[in-house]
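Q: If you're matching them up, the sequences are chains Z and H in order.
Residue 10 in my numbering is what sits at position 10 of the first sequence, and the numbering runs on without skipping anything.
Residue 205 in my numbering is what sits at position 205 of the second sequence, and the numbering runs on without skipping anything.
Keep in mind the hints are simulated off the structure, nothing from the lab.
Accuracy of the hints is not assured; some may be wrong.
[Stated by the list, open to error] Subject to a maximum C-alpha distance of 20 Å in a straight line, what follows is the list of computed SDA-like cross-link-like pairs (lysine to any residue): (1) Z/K66 with H/G65; (2) Z/K66 with Z/L171; (3) Z/K66 with Z/P89; (4) Z/K66 with Z/L217; (5) Z/K66 with H/Q187; (6) H/K213 with H/G74; (7) Z/K66 with H/V189; (8) H/K213 with H/A92; (9) Z/K66 with H/G74; (10) Z/K66 with Z/H167; (11) H/K213 with H/A88; (12) Z/K66 with H/A92; (13) H/K213 with H/S141; (14) H/K213 with H/R67; (15) Z/K66 with Z/G37.
Chain by chain, the residues:
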Amino acid sequence: MTVAAAPDLDPATGFPAGLAQDLAAASLLLARRLHAGGTLWCASPAWPHHAQHVAVEFVHPVIVGKPALAAVALAAHQLTPTARANMSPGDVLIAIGPADDPGVLDLVRRAPAWGVTALWVGSGDRPPAGSADHVLWLPNDEMAAHDGRFILLYHLLWELAHVCLEHRGVLEPEPDCDGPVCITCSDEGRLAEVVSASGPTAQVRIDGVLEEADLALVGDVGVHDLLVVHAGMAITRLDAAGATRP
Amino acid sequence: MTTGSFLYPMLEDGERDPAALLADLARSAEAKAVESAQLRSTTLADRAQDLSRVAAAMASAISAGGRLFTFGNGGSATDAAGLAALFASPAAGRAVPARSLVADTAVLTALANDVGVEVVFARQLMAHARAGDIAVGLSTSGGSANVLRAFTEGRRRGMLTVGLAGYSGGAMATCPELDYCLAVDGQSVHRTQEAQSALAHALWELVQDLLGKLTRLDSEENR
Chain Z
1 MTVAAAPDLD PATGFPAGLA QDLAAASLLL ARRLHAGGTL WCASPAWPHH
51 AQHVAVEFVH PVIVGKPALA AVALAAHQLT PTARANMSPG DVLIAIGPAD
101 DPGVLDLVRR APAWGVTALW VGSGDRPPAG SADHVLWLPN DEMAAHDGRF
151 ILLYHLLWEL AHVCLEHRGV LEPEPDCDGP VCITCSDEGR LAEVVSASGP
201 TAQVRIDGVL EEADLALVGD VGVHDLLVVH AGMAITRLDA AGATRP
Chain H
1 MTTGSFLYPM LEDGERDPAA LLADLARSAE AKAVESAQLR STTLADRAQD
51 LSRVAAAMAS AISAGGRLFT FGNGGSATDA AGLAALFASP AAGRAVPARS
101 LVADTAVLTA LANDVGVEVV FARQLMAHAR AGDIAVGLST SGGSANVLRA
151 FTEGRRRGML TVGLAGYSGG AMATCPELDY CLAVDGQSVH RTQEAQSALA
201 HALWELVQDL LGKLTRLDSE ENR
């Protein structure tokens, strides 16, 4: 019942190094997506009440005068199919759960194919690097889900996102190609989710957009399989256990 | 570290470079985290005696077969659901019969639509509660009418009634139907909710400890 910090946490904030900066960056990203018309989808198979708390915070703010923002709590039942049917490119997912939560893992690994930005809030063992766009993590303590510290993390996301929304100048999205290398156009494999397959090609969803992919290198695929696609060619099939992104 | 207001003065309306904003946001996050940790810690310390009394009353009610019902509105509804889940399905420790009165949308909407939102918890207690059961209501303002009304119904049915509130208790602090009020003295709604959650968690831990001791005493007496 103490709020004592583990040795690698800042004793005053209870935060590990870098968490405040991660929260700031995640909040700006969230504000930009909401400003552009995106919806925040909240999912927590382990603790559904946390997903609902995030959603009600954004939709019906406790501070009078703050605008209502589009946020929805997803029920744990049929989580991935419901998310797939409802999420649109440009939306944001906030998943709350431990690093080994199969429901969260399935959502965050598919999010790039759907064009959805993923935030992951949790505690204990940290998910592998790159599992989500922003991993907001309290290490070494399973009780953070119950004693107010998770609530603090998503309260801060709400508070900081509203600050960003009051600074219109920073809300325009960063250009996709602002440097010598553009990820979208370069030699990089991209995550694709199979929408339908027939013979040698499949229709796949990449970053929320439907494209054709050649299956010559991977063979038969099933609907909702995840592939890595490079220049219209499916080059790898990701198995269900592999949570890594291309 | 300062915990003063953050006015983000360097950002003019036309400012497009987010670097200054991000640095300010990170400092703001840290300052708010410090406030939260301090309020959680002082609340637990200031309410230590009350927590022990409430935990003792709850543990003896549970040992005698009492069941826990939790309720609240909005964010407090989600905290009520979290508290019920902690009691009913803890990762470790003894599972206790506990559920939240906000879980069933059919019941909630039927009552809200047919009667009014002020009865959504009280009417459920009429249907379910027995003497010796426990009602735990959460309200950040301390003044939610349907939470107060549920305490009235709970008291009428012989329940142990416990309130978790912000703003030094609000109306809950003087509610005659309440056996115990655990209050947070916070100024911000968000920091108050975080401290309420810390109180709820501490309560669960204390009740678990007491239930463990009561079980050991029982088995020694029966030997």
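Q: So, for every hint listed, does it hold in this structure?
A: Comparing the hints with the structure gives:
1. Z/K66 with H/G65: Outside the cut-off at roughly 45 Å; violated.
2. Z/K66 with Z/L171: Holds, at about 17 Å.
3. Z/K66 with Z/P89: violated (26 Å)
4. Z/K66 with Z/L217: At roughly 52 Å apart (the allowed maximum being 20 Å), Z/L217 and Z/K66 break the hint.
5. Z/K66 with H/Q187: It holds: about 18 Å lies between the C-alpha atoms, which stays within 20 Å.
6. H/K213 with H/G74: With a Cα-Cα distance of about 35 Å, the restraint between H/K213 and H/G74 is violated, given a limit of 20 Å.
7. Z/K66 with H/V189: holds (14 Å)
8. H/K213 with H/A92: Between H/K213 and H/A92 the Cα gap is close to 16 Å, so the pair holds against 20 Å.
9. Z/K66 with H/G74: holds (16 Å)
10. Z/K66 with Z/H167: This hinted pair holds, its Cα atoms lying about 14 Å apart.
11. H/K213 with H/A88: It holds: about 19 Å lies between the C-alpha atoms, which stays within 20 Å.
12. Z/K66 with H/A92: The hint is violated at about 40 Å.
13. H/K213 with H/S141: violated (35 Å)
14. H/K213 with H/R67: Holds, because 19 Å separates the two Cα atoms, which is no more than 20 Å.
15. Z/K66 with Z/G37: holds (17 Å)
Consistency with the previously given hints fails for numbers 1, 3, 4, 6, 12 and 13, ordered from lowest to highest.
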